[in-house]
Amino acid sequence: MRTGYGDNDPLGINVFDYPAVAKSLGFEFIDHEMFHFPPNLNKKHLATMNANMKAAGVKSGVFLTGGVGDIGDKNLTKRKKALKTYKYWVDIASELGCKSMRNVCGENIIIPFDEKLNYAIEGVSELGNYAATKNISLLIENHNGYSSSPEWMISLMEAVNLKNVGVLGDFTNWTLKRNPDTFYPDPYKGIELLAPYIRAVSAKSSEFSSEGEEITIDYKRMFEVLKKAPQLEFIGVEFFGNKISRNEGAIRTKELIEKVI
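In terms of the numbering used here, the sequence shown opens at residue 1 and continues consecutively.
For the record, the hints were derived by calculation from the structure and aren't laboratory data.
Remember, it's a predicted structure, so these values are computed and weren't measured experimentally.
Incorrect hints may appear among the rest.
Unchecked claim - Cut-off 27 Å, straight-line C-alpha distance, at most; resulting in silico cross-link-like pairs (DSS-like, lysine-lysine):
hint	residue 1	residue 2
1	134	99
2	204	259
3	177	204
4	227	204
5	43	81
As the list claims (entries may be wrong) - Have a look at the derived ranges for each label pair, beta carbon to beta carbon:
hint	residue 1	residue 2	range
6	255	41	32 to 38 Å
7	181	13	30 to 36 Å
8	260	183	35 to 41 Å
9	113	260	30 to 36 Å
10	74	16	37 to 43 Å
11	245	111	27 to 33 Å
12	111	183	37 to 43 Å
13	38	216	43 to 49 Å
14	182	75	25 to 31 Å
15	111	17	28 to 34 Å
16	80	17	35 to 41 Å
17	46	68	15 to 21 Å
18	255	17	35 to 41 Å
19	23	80	36 to 42 Å
Where a beta carbon is used, it is the ideal one built from N, C-alpha and C, also for glycine.
All chains should be built: construct the whole structure from the sequences, respecting the hints.
Here it is as structure tokens:
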């Protein structure tokens, strides 16, 4: 929705009005995104958001972070800087009453599989341990690159082995490499393999058939697979289409989910 701190929402919605908008669309929880907040985020901003959520009758789900450093960077200085940045956002997630915080690592394939895995294990372990002190679960999303390899993600989860660390499964983020683009071949199998670690999912949509089905994702099949995810707690709606309004897309996605679960 926005590309950086302080950018305007395409629909002109103030970030602090999202609780009321979400409630009007029938949602009980909202996800927060770090780039949606003002660059000079302070206690007053957080108090306003908490008050607006209470007034609207919604609660916080997942706090989404990423894009300002890699907690699995091979450069120690950069990795430490990223960890410092995301520990700050763990604190913000805690202040807003979030259950989990999403982060990404392994997006850019510039070093070998095992080497990147080792750096990611270090970073995820440190951030996960810090998140535990704030009663926050750290969720790593399949977000392209190595993180779109179920093998890599499973190895990461098993090596970190922290009770509060899991996976945010994204239905469509399966790009392994760029130029030429190569993809993990079966998103349903990918979600199935990650299912034991999945605690939240991004249910994406872009276009619907006249029967209300998403035209690129078999939702019935996907949610049948997600029955193998015993820790699944949150289903986040992400609509990216342009043939109907964003609000209508969110409602249709929600209705489709309710139909198949």
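Notebook entry, point to check: Keeping to a limit of 27 Å between CA atoms, is the pair of residue 43 and residue 81 held or broken?
Noted result: 23 Å, holds
Notebook entry, point to check: For the pair residue 260 and residue 183, does the Cβ-Cβ distance stay inside 35 to 41 Å?
Noted result: Violated, since residue 260 and residue 183 (Cβ atoms, about 24 Å apart) do not stay within the stated range.
Notebook entry, point to check: residue 255 and residue 17, beta-carbon distance inside 35 to 41 Å?
Noted result: 23 Å, violated
Notebook entry, point to check: Does the hinted range 30 to 36 Å hold for residue 113 and residue 260 at CB?
Noted result: Holds - the Cβ-Cβ distance for residue 113 and residue 260, about 35 Å, lies within 30 to 36 Å.
Check: Does the alpha-carbon distance linking residue 204 and residue 259 stay inside the 27 Å limit?
Finding: 15 Å, holds
Notebook entry, point to check: Cβ-Cβ distance between residue 182 and residue 75: within 25 to 31 Å?
Noted result: Check passed, 26 Å falls within 25 to 31 Å.
Check: That 37 to 43 Å hint for residue 74 and residue 16 (C-beta), does it hold up?
Finding: Hint holds: Cβ distance 38 Å, inside 37 to 43 Å.
Note to self: Range first: 35 to 41 Å. Now tell me if the beta carbons of residue 80 and residue 17 are that far apart.
What the structure shows: 36 Å, holds
Margin query: Quick check on a hinted range of 37 to 43 Å for residue 111 and residue 183, using CB atoms only.
Written below: 21 Å, violated
Next item on the list: Take a look at whether the Cβ-Cβ distance between residue 46 and residue 68 falls inside 15 to 21 Å.
Entry: With a Cβ separation near 19 Å, residue 46 and residue 68 satisfy 15 to 21 Å, so the hint holds.
Next item on the list: Note whether the CB distance of residue 245 and residue 111 lies within 27 to 33 Å or breaks it.
Entry: Given a distance of about 43 Å, which is not inside 27 to 33 Å, the answer is violated.
Next item on the list: Note whether the CB distance of residue 38 and residue 216 lies within 43 to 49 Å or breaks it.
Entry: With Cβ atoms ~35 Å apart, the hint is violated.
Going down the numbered hints, you'll see the structure goes against 8, 11, 12, 13, 15, 18, while the others check out.
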